[in-house]
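Asker: Below are the chains, spelled out letter by letter.
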Amino acid sequence: MSLRVNGLKVHYRTLRGDVQALDGVTFSLGDGEIMGLVGESGCGKSTLGKSLIRLDHRMHHIAGSIELNGRDVPIGDDAAMVPLRYHEISLIPQYAMSALNPTRRIGRMIDELLRSRGVRPADRADELRRRLELVGLGTDVLRRFPIELSGGMKQRVVMVVSTLLDPSLLIADEVTSALDVSTQRSVAESLVEFRDRGHVGSMVFVTHDVALVHQFADTIMVMYAGHVAEKGPAADVVSDPRHPYTQMLLSALPEAGEDTGERLRGIPGTPPGLLDPPTGCRFRDRCPMAFDKCAERPPLVETAPGHWSACWKTEGH
Amino acid sequence: MWRYMGRKLLVYALTFAVAVTINWMIPRFMPGDPVRSMLNRGSISDPGALERMTAYYEEVFGLDAPLHEQYLNFWSGLLRGDLGISVMLYPEPVVDVILRAVPYTLALLIPAIVLSWIVGNRFGAFAARSKVLDNSILPIGYVLTATPYMWLALLMAWSLGIVAGIFPTAGGHSYALTPGMNAEFLASLVTHWFLPFLSMFVVALGGWAIGMRNMIIYELEADYATYLRTLGAPRKLVRRYAYRNALLPQITGLAVQLGTIITGALLTEIVFNYPGLGTLVLDSLNNRDFFLLQGVFLFVVIGVLVANFVIDLVYVFIDPRTRVQMTGASS
Numbered sequence: 001m002s003l004r005v006n007g008l009k010v011h012y013r014t015l016r017g018d019v020q021a022l023d024g025v026t027f028s029l030g031d032g033e034i035m036g037l038v039g040e041s042g043c044g045k046s047t048l049g050k051s052l053i054r055l056d057h058r059m060h061h062i063a064g065s066i067e068l069n070g071r072d073v074p075i076g077d078d079a080a081m082v083p084l085r086y087h088e089i090s091l092i093p094q095y096a097m098s099a100l101n102p103t104r105r106i107g108r109m110i111d112e113l114l115r116s117r118g119v120r121p122a123d124r125a126d127e128l129r130r131r132l133e134l135v136g137l138g139t140d141v142l143r144r145f146p147i148e149l150s151g152g153m154k155q156r157v158v159m160v161v162s163t164l165l166d167p168s169l170l171i172a173d174e175v176t177s178a179l180d181v182s183t184q185r186s187v188a189e190s191l192v193e194f195r196d197r198g199h200v201g202s203m204v205f206v207t208h209d210v211a212l213v214h215q216f217a218d219t220i221m222v223m224y225a226g227h228v229a230e231k232g233p234a235a236d237v238v239s240d241p242r243h244p245y246t247q248m249l250l251s252a253l254p255e256a257g258e259d260t261g262e263r264l265r266g267i268p269g270t271p272p273g274l275l276d277p278p279t280g281c282r283f284r285d286r287c288p289m290a291f292d293k294c295a296e297r298p299p300l301v302e303t304a305p306g307h308w309s310a311c312w313k314t315e316g317h
Numbered sequence: 001m002w003r004y005m006g007r008k009l010l011v012y013a014l015t016f017a018v019a020v021t022i023n024w025m026i027p028r029f030m031p032g033d034p035v036r037s038m039l040n041r042g043s044i045s046d047p048g049a050l051e052r053m054t055a056y057y058e059e060v061f062g063l064d065a066p067l068h069e070q071y072l073n074f075w076s077g078l079l080r081g082d083l084g085i086s087v088m089l090y091p092e093p094v095v096d097v098i099l100r101a102v103p104y105t106l107a108l109l110i111p112a113i114v115l116s117w118i119v120g121n122r123f124g125a126f127a128a129r130s131k132v133l134d135n136s137i138l139p140i141g142y143v144l145t146a147t148p149y150m151w152l153a154l155l156m157a158w159s160l161g162i163v164a165g166i167f168p169t170a171g172g173h174s175y176a177l178t179p180g181m182n183a184e185f186l187a188s189l190v191t192h193w194f195l196p197f198l199s200m201f202v203v204a205l206g207g208w209a210i211g212m213r214n215m216i217i218y219e220l221e222a223d224y225a226t227y228l229r230t231l232g233a234p235r236k237l238v239r240r241y242a243y244r245n246a247l248l249p250q251i252t253g254l255a256v257q258l259g260t261i262i263t264g265a266l267l268t269e270i271v272f273n274y275p276g277l278g279t280l281v282l283d284s285l286n287n288r289d290f291f292l293l294q295g296v297f298l299f300v301v302i303g304v305l306v307a308n309f310v311i312d313l314v315y316v317f318i319d320p321r322t323r324v325q326m327t328g329a330s331s
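Sequences listed follow chains E and S, in order.
According to UniProt numbering, the stretch in the first sequence is residues 1 to 317, in order.
According to UniProt numbering, the stretch in the second sequence is residues 1 to 331, in order.
With the rest of the complex left out, here is chain E:
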């Protein structure tokens, strides 16, 4: 097991109280596993992605632990996290288009970043060139300024920069959201390629595009309102979803080329506010199958090998 997250609670501190963005998240990730992390906006998936590498100043680690390759990841301690960042855990941010300093040539920025992390740029120069070619960029981008690249090119540069030190864990936060469909595919394929070549260990791929992620991810984890709803092998989660939320989420997706004449069904209602969330199962109010027991929080249990679900209605409870 490379990554183990246990009961992780991260809250956003606001003037009106704590927003419980992550409320007891437990999962694990195997070596080389690519996990798609899906859910609606505000369900905590980006918060989880960020929590694994760097909490911003509004985020507070309340409880829970993270373990990477048997070592504790001290996410509450910013200074202690520094040695792990980039070397062990890395991030491709949601804002990849603006992640590069606009007034530095890309090559120089990379050199300065590497040097500041105690790596001799010359040691990684060949690897950098090879990886740029792998994602379809020439080495001339190193002499360019970010403004001279297209959005897709910047995205790929950031992908190469983030993975240059071969991290054991890579968090890809909504990396495909701003791209067109064909570019989305090539970005996803490059990430799988990076994993296959051992440039990155395991990967958390945060997205809301279930259709895209199930094509290349090994597993899918569905989050709802700061809780894990379901985690399992990608094919199983899509073909045989156990949690009512996953089922409804999937039925809300259109399928290309098929016209069954049926209207797509959305999920009625909205997710609960996380400032003062309801007790028990957080999907309760929108769930057609809810019953009395749902006032109590359902534990995440393994319903089939590697397939976990947190619902009182799934078998195994």
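Derived from the structure by calculation, the hints contain no laboratory data.
Heads up, a few of these hints could be off.
[Said to hold, decoys possible] Partial selection, computed: residues in chain E whose CB lies under 8 Å from chain S:
no.: 1; residue: Arg54
no.: 2; residue: Val82
no.: 3; residue: Ser90
no.: 4; residue: Arg117
[Claimed, not checked] Computed beta-carbon distance windows for the label pairs:
no.: 5; chain 1: S; residue 1: Val132; chain 2: E; residue 2: Gly269; range: 21 to 27 Å
no.: 6; chain 1: S; residue 1: Pro234; chain 2: E; residue 2: Arg263; range: 51 to 57 Å
no.: 7; chain 1: S; residue 1: Val143; chain 2: E; residue 2: Leu275; range: 37 to 43 Å
Heads up, the beta-carbon is just placed ideally off N, CA and C, and yes, glycines get one too.
Based on the hints, put chain S in the right spot on chain E.
Answerer: Frame of chain E, contents of chain S only:
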């Protein structure tokens, strides 16, 4: 690159032409006749003599020609470096009077602008570092920018000049000395220069510090800074990037401020009776010396345009985004 420069130069040339035209128009369409007011000082009672003298002076100043000819004469004189003859200091040419004052103004302005900009930026970046500094240094900046300039200058002249007696409070040099390249005269120049310089420096400092502090806080929250921090880059690197990027708007601010700084110099020179362009403006206004006034304004216009052009050039070298616009590449 050259197309960009050509376009910029064209805009500057147009601005210059418009400014010169307005500059020429103002004294001519303003109430008050310069020749009459000059002759009034002589209290000539004979109307015949007055008429002859008026005709003579109008010819000397070129006021007898029709307006459009005056305009063309003005341009041709301008291109030959001839701005006419001063009324106040008749018969000295305007150019000579101005050239005598320009070194004083430049010696005052350039160090005050450049040093306050550099120190203010450092100061602001430094203040953005911590809450404590932010809460102690910044209010000083606010007080400095909010202080009426004349009041601050008078306060300095009074405290450092009159009470402490360290610096002289008026003039460009001691009148007891003959100008020359000797140590005594140079020392006198420096001591006379110090107070006007200090007052301009202090007032401008606060504004730059506040601007820089706000810009750098914005840059430190920018995505590229967050990305670097996420990858564990040390504060030093993030700050260096943020500082450099925060400087760009400050440079634009400098270009915008240059015009107002010259009016600032006017006040300084008047308060300290410093023999630069500002004092010249006041004197020529008091004496209805429109030709001199016109010449001084022309110098100010040229100064502002040149300064802006230099900043345009500087921008090309420090901001890659300007370079991309220049070559017309799509971003």
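Asker: Kindly indicate which numbered hints from before are broken by the structure, ordering the numbers from low to high.
Answerer: 5
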